[in-house]
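All chains, please: the whole structure from these sequences, using the hints.
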Amino acid sequence: MSELLQVRNLEMSYYTEGGRVRAVDGVSFDVEQGEVVGIVGESGCGKTAVSLSILRLLPSPPAKIEGGEILFEGQDLVKLSGERLRRIRGDDIAMIFQEPMTSLNPVYTIGNQLIEAIRLHQQLEGKAARNRAIEMLKLVGIPRADEVIDEYPHRFSGGMRQRAMIAMALSCDPKLLIADEPTTALDVTIQAQILELMRELKERLHTAIIFITHDLSVIAEMSDRVLVMYAGKIVEQGSVVDLFHDPQHPYTQGLIGSRPSMDVERERLEFIPGSVPNPLHMPGGCPFHPRCSHAMEICRREMPGEKQGENEHGVRCWLHLDKSDDQARPLRAAVGAAEE
Amino acid sequence: MYQYIARRLLLTVPVIFGVAILVFSIIRLIPGDPARAIAGVQASPEFIQQVRARYRLDEPLPVQFGIFLGDLARGELGRSTFSRRPVATEIGERFPRTFLLAMTALVIATIVGVSAGIVSATRRNSMFDNVSMLFALVGVAAPVFWMALMLQLLFAVNMRILPATGIGTWRHLVLPSITLGMASAGLMARITRSSMLEVLRQDFITTARAKGLNERFVIYKHALKNALIPVVTVMGLQFGILLGGAVLTETVFAWPGIGRLLVDSILRRDYPVVQGTVMLMAFLFVIINLVVDITYAFLDPRIHYQGEAGE
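Chains as they are written, first to last, in the working numbering: chain D, 74 to 413; chain C, 190 to 500.
Source of the hints: derived by calculation from the structure; they are not laboratory data.
Computed from a predicted model, the values in this text were never measured in an experiment.
Among the hints, a few may not be true.
Said to hold, decoys possible - Distance condition first, Cα-Cα at most 30 Å in a straight line; then the derived DSS-like pairs of lysine-lysine: (1) D:Lys137 x D:Lys380; (2) D:Lys248 x D:Lys200; (3) D:Lys248 x D:Lys152; (4) D:Lys200 x D:Lys211; (5) D:Lys200 x C:Lys410; (6) D:Lys248 x D:Lys275; (7) C:Lys410 x D:Lys152; (8) D:Lys248 x D:Lys137; (9) D:Lys137 x D:Lys152; (10) D:Lys275 x D:Lys211; (11) D:Lys137 x C:Lys410; (12) D:Lys211 x D:Lys248; (13) C:Lys414 x D:Lys211; (14) D:Lys211 x C:Lys410; (15) C:Lys410 x D:Lys248; (16) D:Lys396 x D:Lys380; (17) D:Lys200 x D:Lys275; (18) D:Lys200 x C:Lys414.
What the hints assert, rightly or not - So these bits of chain C aren't anywhere near chain D, every CB distance computed over 12 Å: (19) Leu200; (20) Phe206; (21) Gln231; (22) Gly267; (23) Phe271; (24) Met316; (25) Phe324; (26) Arg349; (27) Arg360; (28) Val467; (29) Leu479.
Claimed, not checked - Partner residues are not named here, just some residues of chain C that face chain D (Cβ under 10 Å, in silico): (30) Glu404; (31) Lys414; (32) Pro490.
Here a beta-carbon is modelled for each residue, glycine too, at the ideal position from N, C-alpha and C.
In structure tokens, the structure reads:
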């Protein structure tokens, strides 16, 4: 398999009234053809910022890509002209979003919105474009597609709208589909249907997918490889099997531990203490150290580099890196003393 | 759609009825005897009694209201107590002039206001945005009579390229309609701008961009139609205000329209004309609102369907 997308040292900041917020901080990852890469993390960790940066869909100002490369089939999307980027948007790389209720334009029919993408990228006109749209609606399992195509989005349920969004995204046979929390806003039963549909389509169309979610069970079901993000950085990445069976980073361990399980009986769910740091006041060193039970002296001062393990299982944590005894002194006792 | 229009048309009946009650009672609430006002200060008691009988002012109020409604239903508005001509003729003569003035002002306001609003929203905080919003503020804030005098001074007195007052050619229309439309243009520019900014933040705009549509297509197809809904509301209200508010403009530019007729009639205590003019304006306002509501249904498919679901 060959690399479809290579993200190298991506840096993206928001310039707000309170100051500069580094939403994406040195993120690097690859997506191979036909591969499903999951990005997981809590709200505000930069998952969506990464996904919107790829197609440069962030409003600027306040957002600004400040460094790094996004190589798609060798072309750097960061440097591409607006016109050439538009030719890739919707054609080679398509997106579906979290909120199916607000992602479709309420004043145009489903068909109108589907056909405009088909006409733009597929050079199909009139009847042919319409037939292609109907075919896509059928593909995503929308019943009576030839009638439904002329209806407005408000006549659709959330699940149906997300199917229509998927139809729209796949209508031009993209090589890469970016799905930003596509099931978060849906009921659990509908969620399962949409996931099933996406898996089926992926098998059939062989589209690579970047699947963004905060739901680990969705990641486990869908992805080949997983990136765990925290505070704008990738803290751990690896194959889905390695990551779930042998999580290395305390944050990943916390995420996996806080999932409800049917096998183990527990009174209460485990949780990660504290919350995501305020991006305007990022703690120094490793941004996870104030919430980490293994935090050491060095975690407060320096951001760890990435340690590569087997099967490209990488982690950014001082627990797995060489350090002196002094640096390895546990931080918890010190913090506790300081607080008293 | 026709069902929706029919239902809305039916709903105008109670509104017009309410306005009729208001117009009828406000005129009766004015202190003093209308018969005495009609007959004149020096009229003999017998003559006043005659007038009272002729205008059926001696009947009890509910009966008078019944007569008023009956006349109204037949389109009978009575005669002017000043000119002795039928009220319908008086209004019919002047109304087209006011309509022309208000319509021209509305067209100018819409073209200038909506386009300035769109450009301002898409180039937010640019030089264009700041300058046009300043003009919008001045347009809304400047008093109509002052604006009228300044325009007359500049274009009629100094440059001598447009007539200062009167009617006749299209050139007579230019200054009054600009004066009248200025405030509406400012208001519409501001509404369009804020409505566009609101819509441009929506998720479906990101969806449209993610499809690879070019920015002009995103703005004029996807954003504008959504942004126009509040603009159309303001347009409808403004047209009503332009029709009624033409009074000052018509006075300064000696434009013999319905606004001046109303003011003159109030001064002359010409009650039938006042009644007729106010009823006409109210009726027009209701019709304009109906047109606005129908336009909503064309702009936003959800409105039409919600109406159906409500039954």
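* Asked: So which hints don't hold here, by number, going up?
  -> Checked against the structure, no hint fails, so every one of them is satisfied.
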